[in-house]
Amino acid sequence: DSGVTQTPKHLITATGQRVTLRCSPRSGDLSVYWYQQSLDQGLQFLIQYYNGEERAKGNILERFSAQQFPDLHSELNLSSLELGDSALYFCASSLGSQIQSDTQYFGPGTRLTVL
Amino acid sequence: GDSVTQMEGPVTLSEEAFLTINCTYTATGYPSLFWYVQYPGEGLQLLLKATKADDKGSNKGFEATYRKETTSFHLEKGSVQVSDSAVYFCALSKSGGYQKVTFGTGTKLQVIP
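Chains as they are written, first to last, in this note's numbering: chain A, 1 to 115; chain B, 1001 to 1113.
Hints are computed from structural coordinates only; laboratory data are not their basis.
Even for Gly, the Cβ is constructed at its ideal location relative to N, Cα and C.
Careful: at least some of the hints might be erroneous.
Claimed, not checked - Here are the in silico distance ranges between beta carbons for each label pair:
1. A/ASP40 with B/GLY1001: 32 to 38 angstroms
2. A/LEU39 with B/GLN1110: 26 to 32 angstroms
3. A/GLU54 with B/GLU1008: 34 to 40 angstroms
4. B/THR1105 with A/GLY52: 18 to 24 angstroms
Stated by the list, open to error - Footprint (simulated), chain B over chain A, 3 or more residues, beta carbon under 8 angstroms:
5. 20 to 26
6. 43 to 55
7. 69 to 80
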């Protein structure tokens, strides 16, 4: 158990809909990262927040947005969903802000299925 | 842009065999290199990392050396166990003006008794 929690575990929705994925980091960690894992795109880094501020941005679509709240939990919002958005979405957390050196701890993931 | 290339899987080995999973990268600047492991139905776990050239990362019998001259970070283990069966991801990350993480496609390892 990494100490990172993600809810829900599974989510099934329809095209065009909007969903919110939630992540609670390990106690004391200030950074949250979001990743997407799909069969065709592999594992992709989406975005990083550190202490409430956006810190790094990867291959995140404009239809997706994220935020980190004062209690440090984070939400990833996916809108206008398409079939291709079906994937496993992971959240990770780390103590500091340095993506290059900090150890990231991954949650168990949320499996999103878009029908 | 940055990229990470891993050997295609799946790799099937007998227990106690020697393991090598190749990983090469293309990146500007001075990235850090990582190996992550993903067990079935779970998230990724950091296996080892190296933050500069010639560094050797090691953990649980696994090793990898950051070779800048060959842009490689091959994963090795002298004697694999059934419990090592998983998918292994090589990754690089960079800080500075544009922080990001780039993953390889993953290599599935199956160890048979």
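Can you tell me if the stretch 69 to 80 of chain A counts as covered by chain B, using C-beta to C-beta distances under 8 angstroms and a minimum of three residues? As far as the stretch 69 to 80 of chain A goes, the hint is violated, because 0 residues have Cβ atoms under 8 angstroms from chain B.
Do the beta carbons of A/ASP40 and B/GLY1001 sit within 32 to 38 angstroms of each other? This hint is violated: roughly 18 angstroms between Cβ atoms.
Taking a Cβ-Cβ distance under 8 angstroms as contact, does the stretch 20 to 26 of chain A have three or more residues in contact with chain B? Check failed, 0 qualifying residues.
Quick check: do three or more residues in the stretch 43 to 55 of chain A have a beta carbon closer than 8 angstroms to a beta carbon of chain B? Answer holds; 5 residues pass the 8 angstroms Cβ test.
Is the hinted range of 18 to 24 angstroms satisfied by the C-beta distance from B/THR1105 to A/GLY52? 33 angstroms, violated
Taking the CB of A/GLU54 and the CB of B/GLU1008, does the distance hold inside 34 to 40 angstroms? Holds - the Cβ-Cβ distance for A/GLU54 and B/GLU1008, about 35 angstroms, lies within 34 to 40 angstroms.
Whether the CB-CB distance between A/LEU39 and B/GLN1110 falls inside 26 to 32 angstroms: Between A/LEU39 and B/GLN1110, where Cβ atoms are some 19 angstroms apart, the hint is violated.
Hint compliance for this structure: hints 1, 2, 4, 5 and 7 are broken, all remaining hints hold.
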